[in-house]
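The lines below spell out each chain.
2 protein chains.
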Amino acid sequence: MIAEKMKPLMANNSAIRTMFEEGDKMRAEHGAENVYDFSLGNPDAPVPSEIKQAIIDILNEEDPVTLHGYMSNAGFEDVRESIAQSLNRRFGTSFGSGNILMTVGAASGLNVALKTILNPGEEVIIFAPYFLEYNWYVDNYDGKVVQAPTDKNTFYPDLESFEKLITDKTRVVLLNTPNNPTGVIYKEDTIKKIAEILERKQKELGRTIFIISDEPYRELAYGGIEVPYVTKYYNNTIVAYSYSKSLSLPGERIGYLVIPSELEDSEFVFDTASNANRIIGCVNAPSLQQKVIGRCVDVQVDLDYYDRNRTSLYEGLKACGFDCVKPEGAFYMFLKSPVEDENDFCAAAKKYNILMVPGTAFACPGYVRLAYCVSHETIVNSMDGFRNLAKEYGLL
Amino acid sequence: MIAEKMKPLMANNSAIRTMFEEGDKMRAEHGAENVYDFSLGNPDAPVPSEIKQAIIDILNEEDPVTLHGYMSNAGFEDVRESIAQSLNRRFGTSFGSGNILMTVGAASGLNVALKTILNPGEEVIIFAPYFLEYNWYVDNYDGKVVQAPTDKNTFYPDLESFEKLITDKTRVVLLNTPNNPTGVIYKEDTIKKIAEILERKQKELGRTIFIISDEPYRELAYGGIEVPYVTKYYNNTIVAYSYSKSLSLPGERIGYLVIPSELEDSEFVFDTASNANRIIGCVNAPSLQQKVIGRCVDVQVDLDYYDRNRTSLYEGLKACGFDCVKPEGAFYMFLKSPVEDENDFCAAAKKYNILMVPGTAFACPGYVRLAYCVSHETIVNSMDGFRNLAKEYGLL
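Chains as they are written, first to last, in full-length UniProt numbering: chain G, 1 to 396; chain H, 1 to 396.
Hints in this document: simulated from the structure, not taken from any laboratory. Owing to the predicted nature of the structure, the values given are computational and were not obtained by experimental measurement. Glycine is no exception: its CB is placed at the ideal position from the N, C-alpha and C atoms. Treat each hint with caution, since some may be false.
Looking from chain H toward chain G, a few residues come up when the C-beta cut is under 7 Å (computed) [unchecked claim]:
1) 6
2) 10
3) 26
4) 58
5) 59
6) 134
Below, a list of computed lysine to any residue pairs in the SDA-like style, where the Cα atoms sit at most 25 Å apart [what the hints assert, rightly or not]:
7) H:350 <-> H:52
8) G:25 <-> G:42
9) H:351 <-> H:373
10) G:52 <-> H:297
11) H:193 <-> H:207
12) H:52 <-> G:57
13) H:5 <-> G:119
14) G:25 <-> H:267
15) H:5 <-> G:336
16) G:336 <-> G:40
17) G:5 <-> H:122
Chain G with its partners taken away, still in its complex shape (with noise of 0.2 Å):
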């Protein structure tokens, strides 16, 4: 009944499935309260009260058709603006509205950036581990996934492997940072790097090869790391923003893409997605939450919340002798498994009521993620299952 390119996908999906009834059927049986589920990156930080505020706001002073309404498949106008001036101020970037095209969020902002300049067999090159979903967003096209490797001791790209697999099928160089699922923050000299090796390659071979920088944790960043902003260090560059994480607006698909002028043929490709947005049904970002986010456009969730989380669990892991990169930014945690098959470790950890994701569900055998956006207390209590984990494998 289905079409057959969601079989797999399907067959994939109700693996996820059991491991989600699981951790209910755990919950039902321990209380909510002693199981210490780890495995959803589901942002959980209050939602900042200016929101609120803001859409009552909105609704008392703006006409409803025109703020229910259709606008230019970009989004409102004045909203992009606002946002562009956000960018500058924080970022030292030159952007206007013409730079900005709203989004039904970032998942939805990366397919209208593939669907504007992906063609079928063409690659799109990601380094590992990463967000398998991306797999979907390039399947949508018809394009092809390249697995690139990073340095094992510190998540950063492997550069030298990484230019060898640029070939003359390249469109796409998918980066994500701050990353899911390793918490790893790319400092400028790493961008550059890459810059650096894409221009040389453009010119090699002839073709525009583009960068999509997936940033929904871009303000996630801990310890006052700066994310350098990619566009600056590179032209063909198209960002992916949501608000999701920044303040905790997950269920309301509301982000955004950066195209810059800098890029070729920019107000074309703009105009390409304009239209891509409405080809791909999206048609545009929801209007209410695009003139809210117009008015809270230098707001954000309390960074301590996560913050705390990292602390204590990084600090707790090592004490009981796991070994794990400290993350830097977004909510994740990637830790080593200490045997080969991490699924036995997950397995091993189920009997702790602690539940985490198996790396190999991000191209990483032999990890496994853990999402801190969860209760301080599910950290505080989660300790003694961990400390006894660690003992079963001997590193206590």
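Chain H: place on chain G using the hints.
Quick look at chain H alone, frame taken from chain G:
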């Protein structure tokens, strides 16, 4: 710079842009009140006051992290149940929450449905005239649109020709009633006959053929005319719905799919469609608007707003001697061009500041579409121009 597939679409887009720019130029030159723009299908009936109140109540009553957060890709369970019950009350169906999948408007719903069931090379039959953006959606999945004829005196399907077009490549019949651009509503008799043909063809060809019923105009039916609920007549029907027109919320991108239990493998198809919602990048329908719908499930715009326009425009045009099927639903009128090339007719109308869309844009040359979702004043004031136009063609 852009994907090959986007190139013809962008060429077509520049023609539409030219039309809009002409309209803007006219408005700047003659004043907006002196331009009679019937080219845009942009709902303009007042948004019901219940919407604002529902948003405020929701903000005051619900937990923000849950309200703006992720939910199942199919949408909030309680909202889906409310919609199911409303449909059951109004149309005598027997849906539950498990049959309703919340989507980013109907355009996205159609994409979710096609992603779920359509394979490359398979055919989608659509009765012409029709909304040409359907072509894009079918092309997104590498399907092929097959145009089926209608009777030009009634715009009802020519069922004999339709039956002959069904082959071993047919996967979907896409219906749109009330219809854009004709305003025609298919009565029970027509739906029954289409269902009979499809039942017979499914057996004969040994394959599943779906109806996708695109129903954003369902509630815009005038004079108490009934719009048959297609799932009651044919099991393998998927309904795509949007609140864009019934609540004047087109910018909010909120709608749903109905996947009835009678559809073959219904639960699996529903699960697959929920995943398709994620895979195409929407993830879920905007969360706050879902909750708004949950509370406003039986609310609708004032039908008289459009009905008054319908009557005035139809009677005015008939009095001028123009030829037109009286629309029973939606907010469009499909006028026969008094000359073969309707582009000449559109160009002549511009002299009187009247803007209409050539029928070629709906796969039906020789006609023009007038969208009467405009102020009543616009219609009244346009009549002098229409009379002059009629005189030019010897109709008055």
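Hint-by-hint comparison with the structure:
1. Interface restraint check for residue 6 of chain H: the shortest CB-CB distance to chain G comes to about 5 Å, inside 7 Å, so the restraint holds.
2. Hint on residue 10 of chain H holds. Least Cβ distance to chain G is approximately 6 Å, under the 7 Å limit.
3. At about 19 Å, the closest approach between the beta carbon of residue 26 of chain H and any beta carbon in chain G exceeds 7 Å, and the interface hint on this residue is violated.
4. Given hint, residue 58 of chain H at the interface with chain G, is violated; its Cβ is 10 Å from that chain's nearest Cβ, farther than 7 Å.
5. Annotation: interface hint on residue 59 of chain H holds; nearest CB of chain G at approximately 5 Å, less than 7 Å.
6. Hint on residue 134 of chain H is violated. Least Cβ distance to chain G is approximately 11 Å, over the 7 Å limit.
7. Taking the CA atoms of residue 350 of chain H and residue 52 of chain H, the gap is about 39 Å. The hint is violated against a cut of 25 Å.
8. Between residue 25 of chain G and residue 42 of chain G, the direct Cα distance comes to roughly 19 Å. Compliance with the 25 Å bound is thereby established for this hinted pair.
9. At roughly 22 Å between alpha-carbon atoms, residue 351 of chain H and residue 373 of chain H fall within 25 Å of each other, so this suggested pair holds.
10. Using a Cα cut-off of 25 Å, the hinted pair residue 52 of chain G and residue 297 of chain H holds, with the two alpha carbons roughly 23 Å apart.
11. Using a Cα cut-off of 25 Å, the hinted pair residue 193 of chain H and residue 207 of chain H holds, with the two alpha carbons roughly 19 Å apart.
12. For a cut-off of 25 Å, the pair hint linking residue 52 of chain H to residue 57 of chain G stands: about 11 Å separates their Cα positions.
13. Of the supplied pair hints, the one linking residue 5 of chain H and residue 119 of chain G holds, its CA atoms being roughly 8 Å apart against a limit of 25 Å.
14. Simply put, residue 25 of chain G and residue 267 of chain H have alpha-carbon atoms about 22 Å apart, close enough for the 25 Å limit, and the pair holds.
15. Distance hint between residue 5 of chain H and residue 336 of chain G is unfulfilled; the C-alpha atoms sit about 43 Å from each other, more than 25 Å.
16. The straight-line distance between the Cα atoms of residue 336 of chain G and residue 40 of chain G is roughly 18 Å, inside the 25 Å bound, and the hint therefore holds.
17. Proposed proximity of residue 5 of chain G and residue 122 of chain H is supported: the alpha carbons are some 13 Å apart, at most 25 Å.
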